[in-house]
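Engineer: Chains X and B, in that order, give the protein sequences.
For the first sequence, this note's numbering assigns the number 6 to the initial residue and increments by one for each residue that follows.
For the second sequence, this note's numbering assigns the number 6 to the initial residue and increments by one for each residue that follows.
Source of the hints: derived by calculation from the structure; they are not laboratory data.
It should be emphasised that the depicted structure is a prediction, and the values quoted were computed from it without experimental measurement.
Hints are not guaranteed to be accurate.
[Stated by the list, open to error] If you want the footprint, here are the derived chain B segments under chain X, 3+ residues with CB under 8 Å:
id : segment
1  : 15-21
2  : 123-129
[Unchecked claim] Here are a few chain X residues that face chain B, going by a calculated C-beta distance under 8 Å:
id : residue
3  : Trp43
4  : Tyr158
5  : Asp165
Heads up, the beta-carbon is just placed ideally off N, CA and C, and yes, glycines get one too.
There are 2 protein chains.
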Amino acid sequence: MPKSSAKTLYTGRYLVLNERDDWEFVARHHPVAAIIAWTPNDELLLVEQYRKPIEKTTIEIPAGLIGDVDGSEQESMLDAAGRELEEETGWRAGSLKQGMSVPTSAGLSSEYVIFVWAEALVQVGPGGGDASEDITVHQIPRAEIDVWLENRYHQGYAIDPKIYAALYWSQHPPRSHGAT
Amino acid sequence: MPKSSAKTLYTGRYLVLNERDDWEFVARHHPVAAIIAWTPNDELLLVEQYRKPIEKTTIEIPAGLIGDVDGSEQESMLDAAGRELEEETGWRAGSLKQGMSVPTSAGLSSEYVIFVWAEALVQVGPGGGDASEDITVHQIPRAEIDVWLENRYHQGYAIDPKIYAALYWSQHPPRSHGAT
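Please build the complete structure, drawing on both the sequences and the hints.
Structural biologist: This is the structure in structure tokens:
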């Protein structure tokens, strides 16, 4: 199908509302890196934080926008993912590799999430996020994670569905995802 | 944390850009129902359609906005999910039950997706969507689905990550998800 240019309807400080062929959507130029990180003890790293759009505390895999930090625009995607992981969780990855890149809500926005596999983890700090963030870190053993997430859900937390994609891929490792 | 009201920055025909406590986001009042549907032959129903925000053809599980059809505002969520499934895929569900309800991108929008399990499927038509949609239906056997999705991905299709959540839950059935 031929591509057509988008018309800008409104430019906010962070978000831009566009329209293409009569279809409104949010333009999102920076992708999000979402990190699948198992500790040496086979625990998945999860982060808990309050999210203003939904007015709920969420449980998510560590993630961050790529290329939005002043002075770090030229940082590689994997370096940025490693930095986000360390800031949010206090764990540093010895190895990072790119996984699948997917749209979060293809009818609503142009936002993409790039999954990143973090391996050879070493704990180097407490985590908790940068100055603008208030993050609680969780390390959940593989055997307990289904029940742990269900319990949080029933307690009223919002559960990021990317966690379940991460769990599926952890059981069914892709042959290769990095290239498109 | 105390809730605070959102300020509207821009109202489009379909989307509204809001701000709450200095955080911009897209307000989405209608949830999306996303349907996990295995045929009697153990094939997962997937739909293929072009998505303007990302300018790519996507592979997704069947899904639709709930409560956005004139005259159907009072339709129950499960009835709407069954209608969407039948419109998009041509398969009618004998039983529908609610699964987990999750935010698609909690930092970007207030959009929620309610997963719905469709069971006892019977094929009653060709599918393809309503007058505004152009949908191709796929029925992929469980044993082939990982490779099929990887191949589509490498061919340049966008893959909806909700598919992988659906696959995880299909292998790890939740005890109960409907209530929050």
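Engineer: If you test the structure against every hint from before, which numbers come out violated?
Structural biologist: Checked against the structure, the hints that fail are numbers 2 and 3, while the rest are satisfied.
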